[in-house]
Amino acid sequence: MPDIIVRLKEANIIGRGGAEFPAHQKWAAVRDATAKAKYVICNASEREPAVFKDFHILSHEPEKVFAGLTLAMTTVGATEGIFNLNAEYAQKLKETFSTLIAKAKGEGCAIRIFEEFPSYIGGEETALLNAIEGRRCEPRLRPPFPTEQGLYGCPTLIHNVETLYDIACVSDGTFEGKRFYSISGAVEHTGVFHLPSSLTALQVLTETGNLPEGDFFAQLGGGGSGAVFNRTQLETERVRGAGAIIVHRCDEDARGLVLSWLEFFQRESCGKCTPCREGTYQLVRLMEDSDAIPWERMTPIFDVLEKTSFCALGRSVPLPVQSYYRNVFQRQS
Amino acid sequence: MKAIPLDTGREVTVFLNGKSCNAQEGESILTVALREGFDIPHYCTHEDLPIDANCRTCLVEIEGKNTVVTSCSLRATEGLRVLLDTPQVIKLRTQNMELLFGDYQSNSPRIRHGYYSRTLEEMKRFGITGEQYKRDDPRRPIHKLGSAAEFDPALCIACNKCVEACQMIGICHLRLEGRGSKTRVDFNPDPANDCIYCGQCTAHCPVEAIREQSHLEQVVEALRDEDKIVIVQSAPSIRTSIGEGFGVEPGTDLTGELVTACRMLGFDRVFDVNMGADITTMVEAEELIKRLRHKWDFQEGKRKDPPVKGPMFTSCCPGWVKFVEFYKSDFIPNLTVARSPQIHSGGAYKTWWAEKEGIDPKKIVVVSIMPCTSKKYETTFEHLKIDGMKPVDFVLTTRELISLLKTRKIDLPRLEKGEVDREGMYSGAGAIYGASGGVMESALRTAYRMLTGEDSPSIEFTSVRGFDGFKRAKIQIGTRTVSVAVVAMPKNFWPVFREIAKDQNAYDYVECMACPGGCIGGGGQPIPNTFALVKKRIQGLYGIDKNMTFRRAHDNPVVRDYFTYLDTLPAERRDALLRRGFQKKAKGE
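Those protein sequence lines, which keep their order, are chains A and B. Sequential numbering from 1 applies to the first sequence in this note's numbering. Sequential numbering from 1 applies to the second sequence in this note's numbering.
Keep in mind that the hints were calculated from the coordinates and are not lab data. Model, not experiment: these values are computed from the prediction. The beta carbon of each residue, even a glycine, is placed where N, CA and C say it ideally should be. Don't take each hint at face value.
One side of the interface only, derived from the structure: several residues of chain B facing chain A at Cβ under 10 Å [as the list claims (entries may be wrong)]:
no., residue
1, Tyr-43
2, Glu-47
3, Leu-49
4, Leu-59
5, Arg-125
6, Ser-181
7, Thr-183
Let the sequences and hints guide you as you build the complete structure.
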């Protein structure tokens, strides 16, 4: 049997938290690092709106996630595994987890739960490291990368729940190139569906019996940072990022939709960098101060958000709003 | 994910706007650019503190890539080509600065009152209006740090520098709180933690959000009042740093220009805190000898009553004194009861000088120019009053004086040199008070004389000099060896206490100062306040000492006059003028 890292590369396992970074590269970096301590972290922060597949996986197949986690720990030589659970999930999964942690302990893997104060930024891996260390939950400068100097300055491997699930599947030969889709919005069947990652968004909606009648558009990836596409585009677009599809009817109130995105970003900004801290606040203010959507006045703020934000979360703020403008709003009016 | 090697020490060449520049591999491009004289706005970068890269104003473009990055976090690699002011860079940084400085002018009390503001000057230089965006409202009220400093949430840009400065010196009273646009500086609620009013936060705030509690208005008011006789006295540390506010080479001595400037501002007399420093030296040296003799006599069995355990500590830094009174009150008996320089001279002017001149002391207003915020706090102490009068009425920081001079369009470095009025005359010993080790050295010069009856063969005690936060030395005085330590910054106070806990005779005499490098790196000094600048300012101070006619406090004729006067007073009155007390302090006191 070839080395697991080689198999992860062959199976093209990528991060399912949204960043889509190749898993094997992180594994090799942490495995090859020499350090007194190494950590593997499973991130179940999942605080982006309309993304709920991690909770689904943890509720239905937690053993598989733990199998992925312990495999990662033994492969890279981790001294400790940490499960980052947002406090809401922790409450619901407590019992299952204590059994699985005890089992892992029996196999020589020390795993503990970190209960995160629920936040969108907690999905950013360096912000999560700060939170676990008891520091302010905000992203760190890179380099150094977590694989070099992560938790407490030690090499750290951080994976999303679904990524570890996929890894366990690769390990036991059941990986089929599928991903988990969180589908919600104006659809018949809200829920999580496990389907091939090669499908287009429209195919996913069709297969799950969720194709709406009449005109619609959808946000793909995540309910916060995902880009918006019209029906025609959905025929060719695949679902990226965290795998969410949020369907909207074309008669939905545009102003309300844009405001909900911006309010989300304002509420969840960690406050570290200028464009995200002050910019998201000003965007909401601009919306509140005008009856129509102030597209033009928002542009310079979107510009700095996209080009000068500290982390990917800030950089992605303009994406839903601007893609909605380009792909949907402009075509309607 | 290949990382750039950090700080390898290798020399590389980078190109900034096409100009070939030498850099250390891994060095911040912002640092290189500033060194090369390029003007790049930056608010969250300070060379002694971690790189945070949160203000997003020091933007540059990597040539050929069309991507904009922060230059503070961009590291030098061989051949890196960077453009500093492309249209894209200017557009984006202007936008971020407008976001940071929304409503800045209307929210800044200094600007509202018509005074020069360094931040406003910078905004103008980079074409920032401050009128594009409104600040988050409603905001928290201004938070007072004792009577020394204050935090104004309306101006804060959450750059985190004050928090890091407070951690750097070892107090950890500040932190960032809240998320998103509510992110602002907050204060450690732990009852066992308190601010010591050193003002390092204010010296590291790039936008005057955390700042000294201003006395500018009161001073200007006093100068306007024809009935008042307004005395100005400058601390040792002002003269080699104030020039930085006017673009003069750091460490340049502007004592003479400063005297002229003060006269132009309308002060009636220009005296000097250095004179007060000479008084402190006299009183402190006398007490040191008294304590040492007691200790030696006890050790040799000549005395039965045990001396105070542990060393004598200096007490002229109010930040350090607050540290002892709050964190280590068991050591209050170890603090010298000598008054601090500004309190000594201020008191002398309101008594001895007023009597001599036949002036009603109630008409005298004493204004100190200090490198310090805790000196404002010191002036509020009831127990320091003489005949119901405060020895010092108002304190301006170096920064406030710069602001006042610039408001009045007084170009300090171009002025003729003036001389202080006679009662401001001082020795070289007073001049070096500003540097960490200076108080100790001055006291040792005089203590040597008092103990041996002769002046020390070498006037300079170089082993107590330097920027190190913790210096130890053995000083030979006649047949005796005196163990001393010179300590700067609270993070170094704890090790001293640990050493004393192990061996109460570890030291005979310890000088402690709250700020890096001593008062010369004080919380009221010009911005930026960096270790490198502090070292240059220190050089300037020792230069002043070297050129003085009198270099020992006991040789200062004015001090001699003052002590002759004191000798005519009843012992109680003399004590009231020379000594002070201490008390255990609660949080916020």
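Tested hints:
The beta carbon of Tyr-43 of chain B comes within 9 Å of a beta carbon in chain A, closer than 10 Å, and the hint placing it at the interface holds. With its C-beta approaching chain A no nearer than about 16 Å, Glu-47 of chain B sits outside the 10 Å limit, and its interface hint is violated. Given the 10 Å rule on beta carbons, the hint for Leu-49 of chain B is violated: about 13 Å separates it from the nearest Cβ of chain A. Given hint, Leu-59 of chain B at the interface with chain A, holds; its Cβ is 6 Å from that chain's nearest Cβ, closer than 10 Å.
Hint status for Arg-125 of chain B: violated, given a least beta-carbon distance of 18 Å to chain A, over 10 Å. Nearest Cβ of chain A to the Cβ of Ser-181 of chain B: about 4 Å, under the 10 Å cut. The hint holds. The closest approach between the C-beta of Thr-183 of chain B and any C-beta of chain A is roughly 3 Å, which is under the 10 Å cut-off, so the hint is satisfied.
Of the numbered hints given earlier, the model fails hints 2, 3 and 5; all others are met.
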